[in-house]
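Sequential numbering of the sequence shown, starting at 18, is according to the working numbering.
Source of the hints: derived by calculation from the structure; they are not laboratory data. Hints should not be assumed to be uniformly reliable.
Stated by the list, open to error - The following label-pair restraints were derived from C-beta to C-beta distances:
no. : residue 1 : residue 2 : range
1   : Ile19     : Val99     : 38 to 46 Å
2   : Leu61     : Ala90     : 21 to 29 Å
3   : Ser70     : Leu26     : 36 to 44 Å
4   : Phe88     : Phe29     : 47 to 55 Å
5   : Phe29     : Leu61     : 37 to 45 Å
6   : Asn94     : Ile27     : 19 to 27 Å
7   : Phe32     : Val59     : 22 to 30 Å
8   : Glu78     : Gly21     : 16 to 24 Å
9   : Tyr23     : Gln83     : 27 to 35 Å
10  : Arg20     : Gln83     : 53 to 61 Å
11  : Lys92     : Ser34     : 37 to 45 Å
12  : Leu26     : Gly104    : 50 to 58 Å
13  : Leu61     : Ser34     : 33 to 41 Å
14  : Ile87     : Ser34     : 43 to 51 Å
Positions of the beta carbon are idealized from the N, C-alpha and C atoms, including for glycine.
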Amino acid sequence: MIRGYYIQLILFLFFFSCTERFTIPSNIDSQDSGEFGAGDTVFLEIKPLWNSSYGFNQPEEISVAQDGRIFVADKGNNSIIVLDQDGDRPVGFRV
């Protein structure tokens with residue numbers, strides 16, 4: 018009985034694993050090919066750049082509160098930095 022289930026499972030996997038695979042397009046440099054390509058992405062630079070010039074040493078984790086404040090856990094400085102939605106550090110914030 019169990020052997021029959023194993024045979025059915027193997028046949029099921031065999032038949033459904035022989036389906037057509039996603040083909041990677043070879044012409045990803047062409048702009049108007051009409052097909053999806055790996056080059057169909059948009060690069061958006063994050064402003065401000067969150068690096069050492071902005072005061073971060075090793076930013077580890079980012080969390081966004083319901084009111085829009087951004088909390089950045091900076092492992093290198095052993096601190097949690099609070100930013101507003103514009104990326105500025107507020108002078109004070111309400112708890």
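How the hints compare with the structure:
A beta carbon spacing of about 59 Å between Ile19 and Val99 contradicts the range 38 to 46 Å that was offered as a hint. In this structure the supplied range 21 to 29 Å holds for Leu61 paired with Ala90, their Cβ-Cβ distance being about 23 Å. For Ser70 paired with Leu26, a C-beta distance near 58 Å fails the hint of 36 to 44 Å. For Phe88 paired with Phe29, a C-beta distance near 48 Å keeps the hint of 47 to 55 Å intact.
The beta-carbon spacing between Phe29 and Leu61, approximately 44 Å, falls within the hinted interval of 37 to 45 Å. The hinted window of 19 to 27 Å between Asn94 and Ile27 is violated, with their beta carbons roughly 56 Å apart. A hinted range of 22 to 30 Å for the beta carbons of Phe32 and Val59 is inconsistent with their spacing of about 40 Å. Roughly 51 Å separates the CB atoms of Glu78 and Gly21, a value that falls outside the hinted 16 to 24 Å.
Against the hinted window of 27 to 35 Å, the Cβ-Cβ separation of Tyr23 and Gln83 comes to about 51 Å, which falls outside the hint. For the pair Arg20 and Gln83, the supplied restraint of 53 to 61 Å holds, since their beta-carbon distance comes to about 56 Å. At roughly 43 Å, the beta carbons of Lys92 and Ser34 sit within the given window of 37 to 45 Å. Range check, Leu26 to Gly104: Cβ separation about 54 Å, and the 50 to 58 Å hint holds.
Distance hint check for Leu61 and Ser34: the Cβ-Cβ separation is about 38 Å, which falls inside the suggested range of 33 to 41 Å. Restraint check, Ile87 to Ser34: a C-beta distance of roughly 45 Å satisfies the suggested window 43 to 51 Å.
The structure does not agree with the numbered hints 1, 3, 6, 7, 8, 9 stated previously, though it agrees with the rest.
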